[in-house]
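Visitor: Each chain is listed here by its residues.
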Amino acid sequence: MMPAGLLPALRWPRRNPPITARTGRLVPALSILAVWQMLASGLNSPRLPSPLAVLEMLVAETLHGPLLHHLGVTLLRVALCFLLAMTAGSALGIAMGSSQRLNRWLDPWLQLFLNMPAMVVAILVYVWLGLGEPAAILAVTLSKLPNVMVILREGRRRHDRDLADMARAFRFPRKALLFDVLIPELAPFFLAAARSGLSLVWKIVLLVELLGRSDGIGFQLNVYFQMFDMTRILAYAASFMLAIQLVDVLLLSWVDRHVGRWQR
Amino acid sequence: MSVVGNAKRLSLSLHAKHWPDGRQVLGAMNFSLAVGEVLAISGPSGCGKSTLLSIVAGLDQAFDGRLEWSGGQPPGLGIVFQTPRLLPWRTVLANVSLGLADGAKNTSPARQALAEVGLSEAADVYPARLSLGMARRVAFARALLSEPDLLLLDEAFASLDDEAAGKLRASVMTRVANRRMSVLMVTHDLRDAEEMADRLLVLGGTPARVVDERAMPTRTSAPTLTSTAVPTDRSFARGSCPP
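Chains as they are written, first to last, in my numbering: chain A, 1 to 264; chain B, 265 to 507.
Any given hint could be a false lead.
[Unchecked claim] Listed below are the simulated SDA-like cross-link pairs for lysine to any residue, each with C-alpha atoms no more than 20 Å apart in a straight line:
1) 175/A <-> 410/B
2) 175/A <-> 371/B
3) 175/A <-> 396/B
4) 431/B <-> 396/B
It is worth saying that the hints were derived from the structure and are not from the lab.
Modelling step: build the complete structure from the supplied sequences, incorporating the hints.
Guide: And the structure:
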């Protein structure tokens with residue numbers, strides 16, 4: 001089932017938001033920093049270090065500490081799980097959207113995984129496969145897979161039969177059918193799955209690293225949690241959030257604009 | 265359904281066409297279309313004219329009857345649907361050239377086709393920027409570009425101004441005259457039938473059947489045609505197909 005309220009979000013965003021909208025995004029970010037700073041000053045406690053202290057720690061860990069190594073490991077896991085989940089989830093979702101029979105067979109499995117918490121998946125996979133890298137990758141991929149499948153299944157179901165008939169009437173070659181009809185038609189759904197996927201995958205990666213890996217941002221967060229080192233916890237968390245935000249802004253937003261350029 | 269065959273001519277022997285819910289939309293009817301013939305089909309809205317066109321186009325194969333092609337193979341087909349059905353994510357030029365095997369490499373035929381329908385300057389825009397009339401002209405360019413042996417037109421001149429419709433009729437009729445292209449057109453507008461068709465089939469009833477079949481006055485009187493556009497062989501144009 002497609003969660004209510006998701007489909008309207010699949011419409012293409014407006015291209016090139018006006019300058020005021022861009023600068024307008026800074027205001028909430030600055031207000032968060034201001035509130036954080038006020039709370040930190042008011043509490044004056046190691047439980048909540050100031051933004052400046054966290055920034056200093058971030059720079060120090062980047063230049064002299066192991067932050068870059070752990071960040072790289074985690075980003076690699078995110079990229080791998082993301083690609084695996086997008087590829088397998090897209091193929092399965094499109095197949096389910098194309099075949100009612102296959103949908104009837106796979107839908108109960110889909111519902112099962114859709115409603116299973118990522119932590120349960122991670123624990124089960126670690127128990128069954130051991131605390132290794134393959135188990136970590138599999139756990140994250142399995143947790144993200146149902147989400148991609150649901151979105152792509154819905155996209156396939158909404159395909160335009162008129163365009164398909166047109167392509168058949170003009171005897172489009174297979175390659176043109178795929179690259180000129182099917183994939184562009186599904187592009188908003190791929191992007192919706194990618195957007196939600198990226199934000200979901202990195203959270204689950206941190207979880208499986210925390211539960212059963214000996215490197216990565218999630219592992220480091222666990223270590224600093226044991227040491228109650230809030231400055232490092234926030235610095236490592238911030239580094240990763242910034243990296244993911246960069247991927248979103250530089251890559252996904254660009255793809256968004258590029259693929260949606262045909263809209264009026 | 266069965267499909268058998270001979271060259272650039274079709275004959276349809278339809279027993280019945282049902283919707284998936286069991287309702288019968290088309291009853292028994294037979295008609296054929298000769299090489300270079302223009303056959304118009306008219307009738308009330310919703311009677312199944314477009315369904316008939318889909319059957320001929322091979323898009324709907326769930327019918328009781330026989331569709332026969334002379335030569336055994338369906339001919340090169342061009343079709344202008346009731347709605348333009350352009351790919352919104354491809355430019356006008358790409359939409360026109362997509363049906364061609366080397367359309368992406370050699371765009372000059374597509375540009376010529378666009379020039380013929382008066383849309384040279386729209387080649388690089390996306391369909392969302394076009395009016396319905398312009399989009400329909402692009403659909404015409406796409407259909408005519410492959411130089412089809414059989415052109416199917418589904419209310420293709422609707423929403424076009426008189427001048428544009430006249431030019432498109434002339435483009436079609438030039439191909440009918442010069443290349444012996446056959447045309448099967450669904451229309452509500454008797455003017456289209458009068459200006460272009462050799463024969464008119466009128467559908468009616470539920471399920472739809474042919475309630476009237478008439479030969480149209482010779483299309484030499486069509487105002488949009490040039491003298492070269494008038495076919496000289498009219499022996500088949502008054503009813504049945506030649507053997």
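Visitor: A separate judgement is required for each hint: does it hold in the structure or not?
Guide: Now for the hints, and whether the structure bears them out:
1. Simply put, residue 175/A and residue 410/B have alpha-carbon atoms about 19 Å apart, close enough for the 20 Å limit, and the pair holds.
2. Using a Cα cut-off of 20 Å, the hinted pair residue 175/A and residue 371/B holds, with the two alpha carbons roughly 18 Å apart.
3. Simply put, residue 175/A and residue 396/B have alpha-carbon atoms about 29 Å apart, too far for the 20 Å limit, and the pair is violated.
4. The hinted pair formed by residue 431/B and residue 396/B meets the criterion: a straight-line CA distance of about 17 Å does not exceed 20 Å.
Violated hint for the displayed structure: number 3, the only one.
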